[in-house]
Structures are given as C-alpha cells and as structure tokens.
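Asks: Each chain, written out:
There are 2 protein chains.
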Amino acid sequence: MRKVAIGQAGGPTAVLNASLVGLVEGLRGKAEVYPVFNGYQGLARDRPRPMDDELYEWIRSHLRVPGACLGSGRYDFTPERMEQAVMNLKREDIHTLAFIGGNGTMSALKRLGEIADDIGYELQIVGIPKTVDNDLGETDHAPGFASAARFVALSVRNIVKDLEAMRNFEQVRIIETMGRNAGWLALSGGFLARGRESGPHLIYLPEVPVTREQILSEVSRAVKEWGIAAVVVSEGFTFAGSAKIKRQSVNGRMVLGGISRLMEQLIHEQLGYHVRSENLGMNQRSASFAVSLQDRREAYEAGGQAASFIAAGLSGIMVNIQRQPDECYNYVIGQVSLDRVVHSGERLLPPKFIADTSEYYAWLEPILGEPIPSYPANWKRGIRDEPERIYP
Amino acid sequence: MRKVAIGQAGGPTAVLNASLVGLVEGLRGKAEVYPVFNGYQGLARDRPRPMDDELYEWIRSHLRVPGACLGSGRYDFTPERMEQAVMNLKREDIHTLAFIGGNGTMSALKRLGEIADDIGYELQIVGIPKTVDNDLGETDHAPGFASAARFVALSVRNIVKDLEAMRNFEQVRIIETMGRNAGWLALSGGFLARGRESGPHLIYLPEVPVTREQILSEVSRAVKEWGIAAVVVSEGFTFAGSAKIKRQSVNGRMVLGGISRLMEQLIHEQLGYHVRSENLGMNQRSASFAVSLQDRREAYEAGGQAASFIAAGLSGIMVNIQRQPDECYNYVIGQVSLDRVVHSGERLLPPKFIADTSEYYAWLEPILGEPIPSYPANWKRGIRDEPERIYP
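From first to last, the protein sequence lines stand for chains A and B.
Using the working numbering, read the first sequence as starting at 317 and increasing by one per residue.
Using the working numbering, read the second sequence as starting at 317 and increasing by one per residue.
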C-alpha cells in the first residue's frame, strides 16, 4: 500500500482542519498515512509514524475546529533541513508527500520534489491550498479566505453600527485587517455596506498607496458628509512615497502592523477628531463562529480531491478551485502544476476589482456562505436633518 | 395619554436595541412615545418629538442589530444641562422618562428625578440596565453582558487553538478584554476551557492585583507544562503595587488599555519567549454573530417590563433580573430602587467566583445562550510525549 506523509504548515485558518479531515478520509483504506506533527519542523526532525485508528478518529473530530490539529507553525526550512526531510521519508520508504499550506508551503514542496529528483528518489508531491490573505495564485480562491472575509465583513458592519451610536463623541474609527501584500480581506470589509451611507466610508489597500494628504482630505470629507468616518485598512497598506510600515516588535523581530495606529495619530493631530483604531486580530483566522459553510465545504473537498489525485499518481501539483463560467456559482476542484503556482507569486487584487468594487462583491458573495440579512437603512433624521435644537 | 420620553445612553451592546424594541412595543397604544436621539445630549438640547408609525417600525427593525439605533454616545451631563433636560420635558408636558444605560445613566436618572422634585415637576423615572462589563449592581446580571461574554469565551478558545498550532514558533499570547474595574468578561475567557490543558492557562482580573514577579513565574510554569501560555487579562488589571495602566491616547485623553502590550514586553524581556498581544476590541460589544439568544431575550423582556412598570406608575426604579433559586435557570424581571443601584456602585466579581471559577462558570452557563459544543481534547502526543527525533 502506498505510504503517504501528510501535514499542515503556516498560519492556521478556521477551516484548515477540514482539509486535513477530507484528506485522511479520502486516503482511508487506500494508503498508509503518516501524519507529520508540527509542520516542516516535524518533517525535518522527527521519525514519521503511521496513523492508527485512534489518531484517525481524533483528526476527524476536528472538522469544525479552527487551528491546525497536527501543529503547523513557522520553521526556517533551510536546504540542509529539506534534505533531512527527504531522507526521513526515504528511510521509511514513503513515496508521497501531501501538505496543506500557502505560498511558502508550495515553494517548499516544489524544492523538496527537486531534491528528491536530484538523488533519484521517487517522491510524489501534492499541495493543498490554504490562506486567509487569498494571495495564492492559480486558484480562484483558497480555502480559509472566505471565512476570514466573512468575519471581517460582519465585524466591520457591527463596529460601524457601534460608531454610529457614539457619533456625538467619536468621529473616526480605523479597523485594521490582515493582508500583508494583498487587499482581499480589507476590501471584504465593505461587502455588507457597499458604499451606502452606513460605511465603511473608506478602505485602504496594499495595492493602492495613497498620500497622507489625500487620506486627510477623504476622512474630512466623510465626516462632513456623514458625521463619522469608518475606515478599513489592510496591515500592508503604505502611504504613497513611504516604505511599508513596520513596528519594532518587542521580540526583536520587525513585523508588519501598526498602520492603523499611525493613521489614528495622523488624523487626530491634523483634523482634531476623536479617533480610535483597532486590529481585528487572530479571530480573522480562527473565528469558527463566523465561518463560511461554503468555505468549510470547499476546504474539505480540496482535501478529498487531493487523495484522489494521489491515487491517480499525479505529482508536482497543487489542488485548486476552478470557478465555472456559469450563471450561478459553480466550481470544480482541479489541479495545477506547483511550478505555475510558485512562478505566479503572491496574487494581488486584480485592478478590475479595485476599480469596481461591486464586481468584487459579486465575486465574493457565493463563497461567503449563508446569506447575511441586511441591516435597516439609517433613519432619515441623520446628520443632515437635525432635530430642532432648543439649546446650542 | 401618558407621554413618555425614551432613550439610550453610553457604550452600545449587541442587544441594547432589543431592549428599546421591547420598550416601544410595550408602550404601543398605552402611551405617546418621544424617542430621544443621541442620548443625554439630545435630552438636554433638542426638542422632543413624538414617534410616528414609520419611526416605530424602524425601531422595531433593529431587534437583531447591534449599536444604539437612536444614538447613545457620551456627554458631559452637567447640572445646568440636567436642568435644561427637565425643562425640555416640562415644556412638552412629558411626565415620564425611561432610559437604557449603565451606572452613569442610572446616576443621571436619579439626579434628573431629584431636579424635577426640586421644582415640583412630577416626573416618573425608569431605568433599564445595559452593560457589557456587568458592573451594574442590584441585578443578577445586566443585558449585554452575556453576549459579550459569549464572544470572549469563543474568541479565547479559538485563539488558543491557533496558538497551539503555532507552538514551535510562538509561546505566549495575551488577550485583552474589556472590564475597567470588574473582571466578569475576562474570567468568561476561561468558560470553554475550565482549567483543562487547552487553556487559557492564566487569567488576570482587576479585582486581584498580582506582582510582575508572580506573573513571570506563572507564565514560565505554564510554558514548561504545556509548551504555551495563553493569558487573558482585563483592561483594568493592575500590577500589585502599581497604579492602573493608562496609555496616553493620541486624543489627549488618558484612557485605559495597553496592559496586554505591557505584559507582552515584560514577558518577552524577562523570559525570552515569543509573545503576541491583542485586544478583542469593539466586537465585544457589537458582535451580533456571537450573540447569546438568552441575553437578547432578556434584553427585550427588560424593555417590555419597563413599559408595564411605567403603566403601573412606578418611579425611581431600575428594571432588574432576579435569578430564582431553582434547580434550573429561572428568572423574574423585577425592579429595584434607583437609590439602591446608585448606592451600590460598581459591582465587582464576588470573591467566591474568584476563589472557585467552577462556581462562576455554573452561574454563567445558562445566560450564554445556546450550548457550545466542546472541542476535542488535545492529542496525547503533546509537549510531554515528543515523537522520536531523528535530528535535534
């Protein structure tokens, strides 16, 4: 029976375990499965051990659990460690490797395949996509993204409602989302508002640097128009003409983030408004209570399809989601070569989605899962139809 | 027909509008309702106008919408402005005032009643409780708290799952919750874990100052035991011997917050772990997608019961929730004098809940709404049962 090592790598998502469940269920009875704990670190250091029934059932119990039940993590996967990983597989006579991950994972898988080739060891390689940023190329979208987008869309809508209630005290809120290079998640923050008066009034993306002056002018216009300005900004946004904002982490490692705090400061100092900023944080990649059921289903199917591709002997591929050109949302779980995925690099928002957000939202809607009921429109007695003042 | 001015004040909750809906439905046909926009600011400055059918239906459409649809906000309600507010009501011959709010709102209502007394104007006063902090006295709990607690419990559990997956890279996460003086929300972060290995491993409350040394020792012990330490901290927590942590807001106003960032720095510098901190933010008071249906129901009922108390002529009261000593959760929506509420001040966690969190969680469970399925226990091959290492 074919021996298959499987694992998870990188930052978790709300549906990463669903892909793993699809994969182990698909391989059940057709292969001997070697689950790798702790991602590429486990692959490089630990002796692979076959899955017993207990571990199989334990993995299956994670269908609706966020995180990565095998452990994923980050690891400095050096060329030497990659060679060790291949040697570990060879030692156990494991000729198939399937990992669930993002861009970094796909690059590593490609390299592992090349190393195996170099030493003449036959190694079948299959990648299964996962990302909250949606920056993986050669797939319509990747499992994990839609749940994160649903969380962001819901959170932004609710936080704007909260701000509306506080308008006599607070004028501006800045909500920071994940998305180091791509604005898919940040732009999702407008899905439930779509430019109506209820905000968010402004969204800033990594793909579109904007000057400080323009931001101040846009925020000021929004406050004049609506009394408040709800702003969504991607962690990867940069002021035009500036380098990416990094904050000196206390861990001594430069990390992205902090753009919302900088904007808070800028807007308060220059415009005098009461401004509050916040980061939507790790809930974006783990909020099981805001998960898109369509996303979870696709994640599960991607894992299952990977098992079929393994049985069919395909190698050097990543499973992908191919949206069909039908009137209603329809998709095929297919595959594409890892070479093409790695070559295409980080996928940014296409210009057409930035130019016309309604096109983006039409693309986004079917993968967000269950329809979300609208909130009522704002009462006409808004900022521009003030009640009669008795006292100033 | 009795004329009743109604309004919302202070920070919104996910179910504040449900109380308003209960109130307007309860008053329908029995009173002429004057909705006050923008909280106490509107009460002080604007001429009250009666609700028409359109506004009534618009308010009712907010049953499931977070925020405060009339506007609540913060307002410096000076003695002069309070007098203006009473004069505004007198001018329209409005003899009843019902507001939904927290401790500040109840104090203001009490003062408004006294001012009316002083000038011999008959003014019936009814308060309806609302808070996410649960720091209102003389009620078993206040509407809004349980939904916030549900969001915190779910978020903490998910973020811990995410951390477990990242354990080869990150050791400590600090999750900051609301709660300026009371730890109800922070302690809710442990509801879904209850001291099992899955964390949170440590919870720090405003009621229990702890020294820096003790925190370092506790975090270090948790990491040794479990490989990670998930820490929940209330925004109002203070190091023993220190003043409350305030950060200089860019708005020039000293605000609470930032304790999680300080703890991140302390733990990283002293113990060298990779630490990340985050604040759960405004979702705590507006996450309609994690609302407790029991909380929403109680919020709605509190509004409806307020209408009955108004019809019965009660005054100087706050509606409250009286838990019955039954085996199963049971409650009566009753009332208590505003004097007692104001006199009792901010309600902290009782010592018995801090000493035995299982007592607290038994108290909390029925108000959190629909039961939340458990996550599977961690795999036995955890930190203490390492797989066989081929390489170090």
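Think of the hints as simulated: they come from the structure by calculation, not from any bench.
Don't take each hint at face value.
[Unchecked claim] Straight-line C-alpha distance at most 25 Å; calculated DMTMM-like pairs for lysine to aspartate or glutamate:
1) Lys406(A) <-> Glu704(B)
2) Lys696(A) <-> Glu341(B)
3) Lys426(B) <-> Glu438(B)
4) Lys696(A) <-> Glu438(B)
5) Lys319(B) <-> Glu704(A)
6) Lys540(A) <-> Glu486(A)
7) Lys346(A) <-> Asp392(A)
8) Lys540(B) <-> Glu585(B)
9) Lys319(B) <-> Glu373(B)
10) Lys426(A) <-> Glu438(A)
11) Lys696(B) <-> Glu486(A)
12) Lys696(A) <-> Glu370(B)
13) Lys319(A) <-> Asp409(B)
14) Lys696(B) <-> Glu438(A)
15) Lys696(A) <-> Asp362(B)
16) Lys696(B) <-> Glu704(A)
17) Lys540(B) <-> Glu373(A)
18) Lys406(B) <-> Glu348(B)
19) Lys540(A) <-> Asp362(B)
20) Lys696(B) <-> Glu348(A)
21) Lys540(A) <-> Asp392(B)
22) Lys696(A) <-> Glu585(B)
23) Lys406(A) <-> Glu486(A)
24) Lys696(B) <-> Asp642(A)
25) Lys696(A) <-> Glu408(A)
26) Lys406(A) <-> Asp456(A)
27) Lys696(A) <-> Asp368(B)
28) Lys426(B) <-> Glu408(A)
29) Lys540(B) <-> Glu408(A)
30) Lys346(A) <-> Asp369(A)
Quantities reported herein were computed from a predicted structural model and do not represent experimental measurements.
Asks: Against this structure, judge whether each hint is valid.
Replies: Taking the hints in turn, this is what the structure says about them:
no., hint, in the structure
1, Lys406(A) <-> Glu704(B), "16 Å, holds"
2, Lys696(A) <-> Glu341(B), "21 Å, holds"
3, Lys426(B) <-> Glu438(B), "14 Å, holds"
4, Lys696(A) <-> Glu438(B), "33 Å, violated"
5, Lys319(B) <-> Glu704(A), "19 Å, holds"
6, Lys540(A) <-> Glu486(A), "14 Å, holds"
7, Lys346(A) <-> Asp392(A), "33 Å, violated"
8, Lys540(B) <-> Glu585(B), "17 Å, holds"
9, Lys319(B) <-> Glu373(B), "19 Å, holds"
10, Lys426(A) <-> Glu438(A), "14 Å, holds"
11, Lys696(B) <-> Glu486(A), "50 Å, violated"
12, Lys696(A) <-> Glu370(B), "11 Å, holds"
13, Lys319(A) <-> Asp409(B), "84 Å, violated"
14, Lys696(B) <-> Glu438(A), "33 Å, violated"
15, Lys696(A) <-> Asp362(B), "16 Å, holds"
16, Lys696(B) <-> Glu704(A), "68 Å, violated"
17, Lys540(B) <-> Glu373(A), "28 Å, violated"
18, Lys406(B) <-> Glu348(B), "15 Å, holds"
19, Lys540(A) <-> Asp362(B), "21 Å, holds"
20, Lys696(B) <-> Glu348(A), "21 Å, holds"
21, Lys540(A) <-> Asp392(B), "23 Å, holds"
22, Lys696(A) <-> Glu585(B), "54 Å, violated"
23, Lys406(A) <-> Glu486(A), "62 Å, violated"
24, Lys696(B) <-> Asp642(A), "47 Å, violated"
25, Lys696(A) <-> Glu408(A), "71 Å, violated"
26, Lys406(A) <-> Asp456(A), "35 Å, violated"
27, Lys696(A) <-> Asp368(B), "13 Å, holds"
28, Lys426(B) <-> Glu408(A), "77 Å, violated"
29, Lys540(B) <-> Glu408(A), "32 Å, violated"
30, Lys346(A) <-> Asp369(A), "14 Å, holds"
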